[in-house]
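Chemist: Sequence:
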Amino acid sequence: MKEANKHTILILGGSGFLGNAIYKELCAYFRTFATYNTSHSQLEKNHHFFQYNFEEDDIYEILDIVKPTIIISALRGDFSKQVLLHQHLAEYVFSQKIKLLFLSSANVFDAYSKYPSYEEDKTLTNSVYGLFKIKIENLLLRLPKTQVAILRMPMVFGAQSPRIAEILQNIKENAPIEVFPNLIMNVTTDSKVTQQIHYIINRNKYGVFHLGSTDLVHHDEFIKEIVASFQLEKKRFTNKFTPQTTIDT
535 MKEANKHTIL
545 ILGGSGFLGN
555 AIYKELCAYF
565 RTFATYNTSH
575 SQLEKNHHFF
585 QYNFEEDDIY
595 EILDIVKPTI
605 IISALRGDFS
615 KQVLLHQHLA
625 EYVFSQKIKL
635 LFLSSANVFD
645 AYSKYPSYEE
655 DKTLTNSVYG
665 LFKIKIENLL
675 LRLPKTQVAI
685 LRMPMVFGAQ
695 SPRIAEILQN
705 IKENAPIEVF
715 PNLIMNVTTD
725 SKVTQQIHYI
735 INRNKYGVFH
745 LGSTDLVHHD
755 EFIKEIVASF
765 QLEKKRFTNK
775 FTPQTTIDT
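Going by my numbering, the final residue of the sequence shown carries number 783, and the count climbs one at a time with no gaps.
Think of the hints as simulated: they come from the structure by calculation, not from any bench. Mixed in with the good hints there might be a few duds.
[Said to hold, decoys possible] Estimated spans, in silico, between C-beta atoms of each pair:
#	residue 1	residue 2	range
1	PRO678	THR542	18 to 26 Å
2	LYS769	SER629	37 to 45 Å
3	GLU712	SER763	13 to 21 Å
4	TYR652	GLN694	28 to 36 Å
5	TYR594	VAL662	22 to 30 Å
Every residue, glycine too, gets a C-beta built ideally from N, C-alpha and C.
Starting from the given sequences, assemble the full structure and let the hints guide the process.
Modeler: Here's what the structure looks like:
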């Protein structure tokens, strides 16, 4: 196997929750660069970060500067613009014979309601978000198989995660926290995801990966367990019922 430190990595969406966690995991081991969208004084001083708005800016300028051997896509934002960007990325990855890691979602299976889904299963969704992820997955899976890794994420939690921030904000405002008693789901943490991505890069893995836990949990039980760990007195929950759903990766 070639030396791991040969890689130059570009993380698109490096200022987001997961993108930044990935950057922190990889930057000590690889030449790692990342993009951020909104002006940020600290990131502006970091010469490994580039300000980039994928809805307006040309990605090729950054690609020409960084010359990545691996691109990690962790973007959020306009769906149609993301699809267009990934068409350009696919062309670049193919022509340069490099690799792309795409952060997808368990929502590509959200139409399945009775059982978990696995890497080799056919995707099926009822949601706009799931359709968007499937569209990009199908686009990238046309590349030579060794040049792409699809990383399907369940709900991702962490100390700085938007989900935790929302829960804490609701408690602060004495607003009810939504829980879904009949939603069976798979979860993971930011630290676990970044370790798995590091492993995929080191071992030169490719294909489709479900980066979730082995066990499934009920959404309401899991959220209530998290809230209990905060040891706060004021907390309210509201039950939301959906068709029986299993979110798994």
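Chemist: Each hint should be assessed against the structure and marked as holding or not.
Modeler: Hint-by-hint comparison with the structure:
1. In this structure, PRO678 and THR542 meet the distance hint of 18 to 26 Å, their C-beta atoms being roughly 20 Å apart.
2. The hinted range of 37 to 45 Å is not satisfied by LYS769 and SER629, whose Cβ atoms lie roughly 53 Å apart.
3. Between GLU712 and SER763 the C-beta distance comes to about 18 Å, which sits within the given range of 13 to 21 Å.
4. Separated by about 30 Å at the C-beta atoms, TYR652 and GLN694 satisfy the suggested range of 28 to 36 Å.
5. For TYR594 paired with VAL662, a C-beta distance near 29 Å keeps the hint of 22 to 30 Å intact.
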